[in-house]
Amino acid sequence: MKQVRSTLSTATTLAFGIAAAAMSSTAVADTSDQCGWQPDRAVTVIVPWGTGGGTDANARRLASLLEDEMGVPFNVVNRTGGNGVVGHTMLARGKPDGYTIGAATVEIDTMHWIGLTPLTYRDITPIALIDRTSAGVLVAKDSPYASLDDLLDAARDNPGELTASGTAQGGIWHLALAGMLKAEGLAPDAIRWIPSKGAGPALKELMAGGVDVATPALSEALPLVEQGEIKALGYMSDTPMEQLPDVPATGEALDSGWTLGAFVTISGPKGLPDEIACAYEQAVDQAVHSDAWAEFKQSRGAPVVFEDRQQTRQTLAEADDKLGDVIQSIGLAQ
Amino acid sequence: MLVETLANLFTPEHLAVIAACTLYGTVVGAMPGLTATMAVALLVPFTYFMDPLMAISAIVATTSTAIFAGDIPGALMRIPGTPASAAYVEDAHRLSRAGRARSTLCVSLFAAAIGGLVGVAMLALIAPQLARVAMQFSSYETFWLACLGLSCAVMTSNADVAKSFASLFLGLFIASIGIDVAVGYPRFTFGNFELYDGISFIPAIIGLFALSEILRSARSGETGTRVTADQEPLPAALREALATLRRYKRNVARSSVLGTLIGALPGAGADIAAWICYAVSRRFSRQPERYGQGHVEGIVDGGSANNAAIGGAWTPALVFGIPGDSVTAIAIGILLLNGLTPGPRIFTDSPELVHTLYGAFALTNLIMIPAGLLVILVASWLLRIPRRVLMPIVLLFSLVGAYAITNSAIAIWIVLALGALGYAMEANGFPLAPAILGIVLGGIVEDNFMTSMLKAQGDLLAFFERPWAAALGTLTLLVWALLLWRAARDALRRRSPAS
Numbered sequence: 001m002k003q004v005r006s007t008l009s010t011a012t013t014l015a016f017g018i019a020a021a022a023m024s025s026t027a028v029a030d031t032s033d034q035c036g037w038q039p040d041r042a043v044t045v046i047v048p049w050g051t052g053g054g055t056d057a058n059a060r061r062l063a064s065l066l067e068d069e070m071g072v073p074f075n076v077v078n079r080t081g082g083n084g085v086v087g088h089t090m091l092a093r094g095k096p097d098g099y100t101i102g103a104a105t106v107e108i109d110t111m112h113w114i115g116l117t118p119l120t121y122r123d124i125t126p127i128a129l130i131d132r133t134s135a136g137v138l139v140a141k142d143s144p145y146a147s148l149d150d151l152l153d154a155a156r157d158n159p160g161e162l163t164a165s166g167t168a169q170g171g172i173w174h175l176a177l178a179g180m181l182k183a184e185g186l187a188p189d190a191i192r193w194i195p196s197k198g199a200g201p202a203l204k205e206l207m208a209g210g211v212d213v214a215t216p217a218l219s220e221a222l223p224l225v226e227q228g229e230i231k232a233l234g235y236m237s238d239t240p241m242e243q244l245p246d247v248p249a250t251g252e253a254l255d256s257g258w259t260l261g262a263f264v265t266i267s268g269p270k271g272l273p274d275e276i277a278c279a280y281e282q283a284v285d286q287a288v289h290s291d292a293w294a295e296f297k298q299s300r301g302a303p304v305v306f307e308d309r310q311q312t313r314q315t316l317a318e319a320d321d322k323l324g325d326v327i328q329s330i331g332l333a334q
Numbered sequence: 001m002l003v004e005t006l007a008n009l010f011t012p013e014h015l016a017v018i019a020a021c022t023l024y025g026t027v028v029g030a031m032p033g034l035t036a037t038m039a040v041a042l043l044v045p046f047t048y049f050m051d052p053l054m055a056i057s058a059i060v061a062t063t064s065t066a067i068f069a070g071d072i073p074g075a076l077m078r079i080p081g082t083p084a085s086a087a088y089v090e091d092a093h094r095l096s097r098a099g100r101a102r103s104t105l106c107v108s109l110f111a112a113a114i115g116g117l118v119g120v121a122m123l124a125l126i127a128p129q130l131a132r133v134a135m136q137f138s139s140y141e142t143f144w145l146a147c148l149g150l151s152c153a154v155m156t157s158n159a160d161v162a163k164s165f166a167s168l169f170l171g172l173f174i175a176s177i178g179i180d181v182a183v184g185y186p187r188f189t190f191g192n193f194e195l196y197d198g199i200s201f202i203p204a205i206i207g208l209f210a211l212s213e214i215l216r217s218a219r220s221g222e223t224g225t226r227v228t229a230d231q232e233p234l235p236a237a238l239r240e241a242l243a244t245l246r247r248y249k250r251n252v253a254r255s256s257v258l259g260t261l262i263g264a265l266p267g268a269g270a271d272i273a274a275w276i277c278y279a280v281s282r283r284f285s286r287q288p289e290r291y292g293q294g295h296v297e298g299i300v301d302g303g304s305a306n307n308a309a310i311g312g313a314w315t316p317a318l319v320f321g322i323p324g325d326s327v328t329a330i331a332i333g334i335l336l337l338n339g340l341t342p343g344p345r346i347f348t349d350s351p352e353l354v355h356t357l358y359g360a361f362a363l364t365n366l367i368m369i370p371a372g373l374l375v376i377l378v379a380s381w382l383l384r385i386p387r388r389v390l391m392p393i394v395l396l397f398s399l400v401g402a403y404a405i406t407n408s409a410i411a412i413w414i415v416l417a418l419g420a421l422g423y424a425m426e427a428n429g430f431p432l433a434p435a436i437l438g439i440v441l442g443g444i445v446e447d448n449f450m451t452s453m454l455k456a457q458g459d460l461l462a463f464f465e466r467p468w469a470a471a472l473g474t475l476t477l478l479v480w481a482l483l484l485w486r487a488a489r490d491a492l493r494r495r496s497p498a499s
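In the order they appear, the protein sequences are chains R and V.
Note that the working numbering has the first sequence beginning at 1, numbered continuously upward.
Note that the working numbering has the second sequence beginning at 1, numbered continuously upward.
What the hints contain is simulated information worked out from the structure, not anything from laboratory work.
In this text, a Cβ means the ideal position worked out from N, Cα and C, and glycines have one as well.
Treat each hint with caution, since some may be false.
[Stated by the list, open to error] Here are some chain V residues pointing at chain R (derived, C-beta under 10 angstroms): (1) Val44; (2) Leu125; (3) Ile126; (4) Gln129; (5) Gln136; (6) Tyr140; (7) Ser200; (8) Phe201; (9) Arg216; (10) Phe320; (11) Leu336; (12) Thr341; (13) Pro344; (14) Asn407; (15) Arg495.
This is chain V alone, in the form it adopts within the complex (with noise of 0.2 angstroms):
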């Protein structure tokens, strides 16, 4: 079995896509705007004529890295390259601007090789079982998942909190924007049919990120570099990196963990692993006021635990034939037209093909190492483009970006409203993580509350009826208790002086 898997593995054509998609996921997912789901779209015609094995390995390669690949614009230019790296894009971004691009990259390159490895080590080792667990969630254990998540918002920021929570409130509101699912009614669309189906997440965070970003340096005048122009040269930054690895590597293992748990389950991906790691990090860090300040250890949390969710994305697929996301169930197309049903017995009908994508995966991972390095080392000469120069380039890779993602006029000008109210935000000291954050769940939270709440006929106590959701609403409302209880005492103890 190995031997043949190796053997399936190892020959030239297979070698050959791999490498060609680990660097086309690279440059896809390293322009502000272009998606990893839009890059396995774009790779569909190709897949038709190719064997299944190879097929599926190329679907893994483009994903993996083009993940990966988000962190490069998020840590160069402070725009987050896919939803993935917006957790921490403002740590990575103040690191680049003190000299440390190339390390940091470095980091996130590592954290995101050892999370992949670790979510595909789970995958071949508990994928059956894992399954079974994340088919135990109804719509009740997603929306507390999601509430958990939606308080990362507040225990990540350092801002003010009020501020943060005013930021967080505008994105929920600009996520309710377009026909709600449960009744389908149009809201906040004015009669305009393009606003159905609500704002997009693309266009919304090239506008909150990339413009405002645009905006604040016209302003301020800025002619030349910030950054230094000299860039630690590629040895030292390596050395650095796998230092902070070694620091940090309770950090990379409780990520890569978690982060395949929550990919796992329906509904959560890439992006809320990232946040809940990176929050879950803050809360255990013995420096949490440096976090979103320029701190690294946040960048490993939230790296490794957006790629290792990857792999767990694909276990309610693999398992069940059910899509965890859209780039899931693109993979199951392509199965189906080679004649592979993906379902329990996947696993004893064709294991030659599971093991593939097993062993795909951990070569992508691989191979992404030296690819990545390739692509760190262009891409952080970037940085000696005067801004002026290439913040104009910027501009016009994400206006076509966004609009490349609805095919529709309407995405440019969601960018620019939405870079308008960042820069507003930006300005008077409003954290934009929380708005994103909104922006991701808060289409998530009211699907499955109003699901929910038709299911059990209004009655609040089903939420805690089955077990998990017991479990995670008590969790959640700990959660919440605790951050009241925390922001009521340092109130008091500010008056105290005071008085």
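Just chain R, same shape as in the assembly (with noise of 0.2 angstroms):
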């Protein structure tokens, strides 16, 4: 932690000796009246997810970032259990009082749909999003499919014959496969869907043989697609991932141009002042910018994206559309 800081505020340090150095977030935060709120105890930063995982990887070192930053403790609870439910449901009744905050992921634009529960992205406040990862489309290296189109052709003239995996039963993964294939035309059944309890397990049973296609995040596979353990034929983005140019984006490569990422937010509970909201946007935007971050997020193979709190709630909003329409006519709808 003391790396971080004396990178942080070397500058500053420079400039105005030690003192200086310890009010440099108060003196960022000061530059608009509207976003003076500063913490003064510590704050809970709620992960609806287990540790180890990406969303937990990258709200521990968010949360070691706004601590520099805000001089105050944050800690990160992993609230987990019922495929999200349980902590994004912490997050949403959690006191707007700025003492809550939280990492809401793309789930919930899909956990209500299903049934799990009446949490939608309109119960939280979101401040910002940090972390963006798109699907890939992989097949085992002994597959006898070499592109995307091999794959959806084979799909398309024998539904029901090939076997996915990814995630659970309507989760992200399995909602990035069936509305590929009814973007193309087929039934979004036409793969059918094997769960698992996430990306490590399913690509486990591909190349142990168990299934012949798995879309987790591309990211989640990059090693064993560099080492040729697997093939990847596709990657739901607009644009190739930066690490593996040759996986054709599906943006680009597919008629209909599907495409499906999953994000991590940074949200407050339901009802959380404009003015508390806008302190931690300010406060995240200069995290994500920092040399530390820049440095965390090449670790994992990811870019940096930011997108402020208008920007996160249409993406919400968007994302909230879009897959209800592929949960609705996959028939996971409640």
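Please dock the two separately framed chains into a single complex, following the hints provided.
In structure tokens form, the structure reads like this:
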């Protein structure tokens, strides 16, 4: 933590000495009267997913940067369970006093369609978007399919023959595949979905020959693709992934231009006052554009992304429509 | 290469980190309710500021010692500190009540250290080959393996067969609470979303073992200590432990190797390794009737198997970057953060990391011996504390531990409910161990069965189509047939003298 603090405030320290360094964050926040809120005790950061996962890693790294910026401890609490329902509910129902924030993820746009919870993105206050990952279309290294078209043709000719995995039934990566099939004019279940407990188990099944296709986040499979253990046929984004430029982006390669990404936001409980949300927005903006964050993102093979409050709200609303449409078409809607 | 690895290992900072983590792991593992995974998760913020070799050593040291230290409250208070110690907790506790706490724990410690060393040796020698085999395991194979594990409940139990089955099915019922992974339907949750994730394992084990033990001691009105006050002197305990290990050296070798292999399989871990090795040990023992009555042989097997499995669990993580459990998932995250990508190429791209990992494993298992002896020395004084003072403290720790796992008050309710259940079961002669096994394996059996059925679209023959699945399936069915045949034979024998 000392290292981070010193890099962040080197310039200030040079100019104003050590005393000013402690004040540097206040100085930034004070630029606008409206955003002058400052926490004066520990803040709880709710993560609806388990330790060791992508959301957890992003939230923990950001929490340590916010800690340095705002000068109070940011305690990350993993409230897992119920496919994300538990954590998102705790976040939405938290006291909107600025001392509870959390990492709301794309699942807030899917779980209410599936009937797990009445909670929607309208029940949280978006602050910023800090992470985006897109699905990859993966097959085993000895698979007969060499391209996305091969795979789609096979699925069109023999609907229900092939199987795919990547997450639980109705999870974001299931919707990625079903949505792609539907957009390409196939039945959304032309490739049957086999639920799994996440990307790791699904990749294991793929390599063991248990399923034909896997569609988790491409970044999760990056080492295995780079080392030739599995083949990536497509990347569900508008542009190819930086590390894997040869894997075609579905936005360009498919006629339908289908893309799908998961995202992680930093959000507050419903009714978080503007003043507090704005202060956090600025703090997150600054943290996300630091060198420490860039380094962290690079280690995970992900680009640095940032969206402000308005953009994040819009992203949440658009994803809600799009995913609701897919969920209804595959008959999972309640 | 060797010189470089040794130079990496034997820097003062590195040794200090390993020593500190060894002690830290021992303390966390010895607290009922705190797990090895949790110990590692708490380490993560510190690892940001360590170099990757040191960070990996810290994780390895913490997990290895936490798994061993789980035996300590198991022996002293009949409360397994981690799920991996549950298989032989009855034997360990009975021995320590007979005044042999120190020698029993020394046996655990040495068995753990040897198991750990065998595990890392196998990791170093055959990791790539082992990982290739492990990656052949799809849901069919995992299903059969878990079934084989469940059979251990009946194979290892001394109690009435019907009561063992009843206990096992209670465990399986508890495991079925929550959202099922296959179709996402909530079961037995009564609309309470806190239960969607199921009954967490740690509160369950605390309830069944710790709270029921506390209730029992309150009921029986034990005021003083029932354990003989005079402890064995440490040198005598050490001699005794070494003699035990010499006597059962075949068990150590068998369970260390088997434990490593089981640990390498996706979905299986230290706890399943301990159960299976305990069951195998009983099957091949000359005195199977003494298991569960305070017999040290099973402790030798279970204690070496669960530590060997830790080494095994690193194989899929290291070779394919696919975590075998939550600990290795965290470890992969740390490697990535430092620009090291686990995968087939890590052996050629960063051999110094791989070798240091092996070195740290070996070193940890050696440092664990003095650290463990120290803790055993201190911990066995616990037995001198009157139970009426000790038990409320244990209750407090247990509840805090249960709450800390889930950050939710529901965990406390689970402890209370299962504590009452455990007390009622024991009072009526139902063994607790099968219930725990049911809770551990219920989810794995069900998930893999449902996944397999979805894949095969209901075709049961698919469970025998793949080579490993066919072998494991046949083995499982043979074990079941054998159990049934023996039950029938016993029933007939019992009837014939009467008639």
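Results for each hint:
no., hint, result
1, Val44, "holds (7 angstroms)"
2, Leu125, "violated (22 angstroms)"
3, Ile126, "violated (19 angstroms)"
4, Gln129, "violated (15 angstroms)"
5, Gln136, "holds (6 angstroms)"
6, Tyr140, "holds (8 angstroms)"
7, Ser200, "holds (9 angstroms)"
8, Phe201, "violated (13 angstroms)"
9, Arg216, "violated (32 angstroms)"
10, Phe320, "holds (7 angstroms)"
11, Leu336, "holds (5 angstroms)"
12, Thr341, "holds (5 angstroms)"
13, Pro344, "holds (5 angstroms)"
14, Asn407, "holds (5 angstroms)"
15, Arg495, "violated (47 angstroms)"
The earlier numbered hints that this structure contradicts are 2, 3, 4, 8, 9, 15.
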